[in-house]
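Kindly produce the complete structure, drawing on both the sequences and the hints.
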Amino acid sequence: MKKAFPILGILTAVFLSYALYLAMVVAPREQTMGDVQRIFYYHVPSAWTAFLLFFLNFLASIQYLVRRNPSNDKIANWTVITLAVVTCVAGVVIGVVPDLKSALPEGTYPSSIATTGIIIAGMYFLVRKLFSVEATDALAVTTAEVGVVFCTVVLVTGPLWARPVWGIWWTWDVRLTSTLVLWLIYVSYLVLRRFSSSGQTPVMAAALAVFGALDVPLVYFSIWIFRTQHPQPVIGGGGSIDPRMLHVLLMNWLAFLCFAFLVCWSRYRLERMKREVEETQALEALLEPRSMTR
Amino acid sequence: MNFLYAAYGATWAIHIVYLITVARRYSRLKQEIDELNRK
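Quick mapping for you: the protein sequence lines, in order, are chains E and S. Heads up, the first sequence is in this note's numbering, so the first residue is 1 and it goes up one at a time. Heads up, the second sequence is in this note's numbering, so the first residue is 1001 and it goes up one at a time.
What the hints contain is simulated information worked out from the structure, not anything from laboratory work. One or more of the hints may lead you astray.
Quick list of simulated restraints, FRET-style, between CB atoms [stated by the list, open to error]:
hint, chain 1, residue 1, chain 2, residue 2, range
1, E, L192, S, V1017, 18 to 24 Å
2, E, V96, S, L1019, 48 to 54 Å
3, S, R1038, E, V26, 52 to 58 Å
4, E, V234, S, R1038, 56 to 62 Å
5, E, I118, S, Y1026, 24 to 30 Å
6, E, P28, S, G1009, 18 to 24 Å
7, E, G199, S, L1029, 52 to 58 Å
8, S, N1037, E, F195, 56 to 62 Å
9, E, Y21, S, K1039, 50 to 56 Å
10, E, N77, S, R1038, 43 to 49 Å
11, E, P70, S, V1017, 54 to 60 Å
12, S, G1009, E, R194, 26 to 32 Å
All C-beta atoms, glycine included, are put in the ideal place defined by N, C-alpha and C.
Okay, structure coming up:
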C-alpha cells in the first residue's frame, strides 16, 4: 500500500495535466462566451466531486449512527434493500405506463431511476463492508473536509465565470444560494468536530451531516425545478452539449475524482493516526497517577 | 482570458493550500508519535 500511493500520485498528476491540456487546447471555443466558458471544465467536475463526497459523508454518518445498535443496523439494511427494490419496480412501472413516463422531467429516463436506487444501495453496502463503526466516523470527517475544499472551488470559480458573462459576481438565485448554504452546513460540521470536546461530538456531527446532506439534492435539482439565472443542466434535464466538450468534461471529472481519492486517502490515514495517538495519550494519562503512587 | 486563468489558478491555489495544511498536521502528529515513543 505504501508503494501504491506515490505511483498513484504520479499517475494522477499526469492525468490532471492531460485533462488541463484537453480543457485549454482540445475543447472547442464556445461561440458566445469565448474562452471564459472553459472555467466550466473545472467548475462542474468540482461540484460533482463535492456532491459525491458529501454523499459518502451521509452514508458514513448514517452507518455510524445505526451500527452502534445491532437492531437499528438490521432495520437500516432492510430499509436500503427495500428502497433499492422499490426504485427498480418504480423504474419498470414508469417505463411501461406512458402517462407516468411523460410526467418525468425532460432528460430523465425510467432506467436512471432504477440505476440510482441500485447504485445508492451498492455504495451503502460497500461502505459497510470496507469500514468498521469507528472507521465510518473517520471516513465522515475525511469526506466532509475534502468535500468542503471542492465546494470552495465551486464557489470561487462560479463568480469568476459569472463576472464576464452575467456582468455580476453573484446573485441570490436558488442554485447559488443553496450551494452557499451547503458549504456553510459542512463548514459548521467541521467547526463542531474541531471545537467540541464532548464525548457525544461524533453522534451530534453525524446527525448534522444526515440533515445537511438533504441540501445536496436541492442544489442539484434546483435548476431543473426553479427558473434560475444559473445555466440549465447540460447533461440530463433536456440540455445538450457538443460531444467533444462532453468528453473533455468527463475526462476532467475523472482526473478530479482520482485526485480526490488520493487526498481522501491521505486525510483518512491522518485521521486514523490522530485517533491512535489520542488513545495512547489517554491511556498514558490514566496510568501516570498510578506510577506516581507506587 | 484573465478570468479563465484566475479560475484555474484559484482552483489549484485552494487545493495546494489544503494539501499544505494536511502535510503540516501530519508532521505535527509525527512529532507527537516520536515523543510518545521516547517516553
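Status of the hints after comparison with the structure:
1. Distance hint check: the CB atoms of L192 (chain E) and V1017 (chain S) are about 22 Å apart, consistent with the given range 18 to 24 Å.
2. In this structure the supplied range 48 to 54 Å holds for V96 (chain E) paired with L1019 (chain S), their Cβ-Cβ distance being about 51 Å.
3. For the pair R1038 (chain S) and V26 (chain E), the supplied restraint of 52 to 58 Å holds, since their beta-carbon distance comes to about 55 Å.
4. Here the CB-CB span from V234 (chain E) to R1038 (chain S) is close to 57 Å, well matched to the stated 56 to 62 Å.
5. The given range of 24 to 30 Å is broken by I118 (chain E) and Y1026 (chain S), whose C-beta atoms sit roughly 38 Å from each other.
6. Distance hint check for P28 (chain E) and G1009 (chain S): the Cβ-Cβ separation is about 23 Å, which falls inside the suggested range of 18 to 24 Å.
7. Between G199 (chain E) and L1029 (chain S) the CB atoms are about 22 Å apart, so this pair departs from the stated range of 52 to 58 Å.
8. For the pair N1037 (chain S) and F195 (chain E), the beta carbons lie near 29 Å from each other, so the given range of 56 to 62 Å is not met.
9. Between Y21 (chain E) and K1039 (chain S) the beta carbons are some 52 Å apart, a value that agrees with the proposed interval 50 to 56 Å.
10. Checked against the given bound of 43 to 49 Å, the beta carbons of N77 (chain E) and R1038 (chain S), roughly 46 Å apart, stay inside it.
11. At roughly 43 Å, the beta carbons of P70 (chain E) and V1017 (chain S) sit outside the given window of 54 to 60 Å.
12. Take G1009 (chain S) and R194 (chain E): their Cβ atoms lie about 28 Å apart, and the range 26 to 32 Å holds.
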